[in-house]
Amino acid sequence: MQRDKVYPVIDLTSNHARLDANRRSIYGVAVTTAAAHHARVLALAENLSPHLNGPTAARFAEQLDEVGIEGTLAGERCWAEIDSDWLEQGLERITAESIDRWMRELDNLKTRGIALVTVADIEYPRNLRTITNRPPLLFIEGAIIDADERAMAVVGTRKPSAEGLAAATALACELSQRGVTVISGLAHGVDAAAHAAALNCHGRTLAVFGTGIGSVYPAANRGLARQIVRNGACISQFWPSQSGAPWTFPVRNIITSGLSLGTAVIEAGETSGARLQAQEALRHGKRLFLLEKLVTKMPWAQAMIGRPGVTIVSSVEQIIEAIEFDLNTRTVEYAL
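For the sequence shown, the UniProt record's numbering begins at 1 and goes up steadily by one.
Simulated from the structure, these hints should not be mistaken for lab results.
Treat the numbers as computed from the prediction; the structure is a model and nothing was measured.
Take every hint as true, because none was put in to throw you off.
The list that follows gives simulated cross-link-like pairs (lysine to aspartate or glutamate, DMTMM-like), each with its CA atoms no further than 25 Å apart:
| # | residue 1 | residue 2 |
| --- | --- | --- |
| 1 | K159 | E174 |
| 2 | K297 | E270 |
| 3 | K110 | E97 |
| 4 | K297 | E163 |
| 5 | K293 | E321 |
| 6 | K293 | E174 |
| 7 | K297 | E317 |
| 8 | K293 | E163 |
| 9 | K110 | E46 |
Construct the complete structure from the given sequences, taking the supplied hints into account.
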């Protein structure tokens, strides 16, 4: 008769991991704390999605969301309900030592003011939860609050014209004054202008990193990032030590779109990351707002005219009205 598999259980009574062959669990159910839950999830994630990106990350997020935090703490009984050889192989590779290592890393992040939120946690942003390619993990410095559900992404080129820079500043400021959180990617140009305008107009802003939370890119925006943490949050879906790479910066468009109710593109060329952001917004079923002057100049923006969810705007009032409609509609849906 085949024997049941024995997975490692973490014993944190002495803050040191050990194997306990007398306890049956998926990867340690002895400690039911948020930290233990997160350590187990991180140990599993590094086996299943080493880069926290692409189909493996989306698949892991889906299965983790299905099990939920109760499942990750309940262990084998809940995970066994998911018929997945891929998941089982990842679970088998977890060691008590890896969980202990992640517990120490989480302690280190906590001392730096950085928190981890997984898709299984109730703190996971509701807007982001609605998209199919949501990331399984978020490393957050600062705070995401309920009011940040009322959010708009403001994005554009790193090298805007003076007119584009002024438009980004004006839009972000007015959104902030209307109680809308401004989301962007902390890049030079439009992104930095949108963040700064939100702060200057006493609003909230969220910065989505194209690197790990442990580094700010570009370095020139470190001071801006510190201000954002005090009035919003800096967010990354990557491992804390992840450096910037050609593939990481486009990935952040997924979160920037997902966290928002819609995306406003100020200026963006044919190869701009903001154009990718526009495409992500439509894939997510979010609204896409294109400034009139962008549409008159860029063929890619002209090609989007008439597509569902796309609005050509000349004033912030059009954006506010759309946001209010979406929020009211969502409230009715949840009430039902």
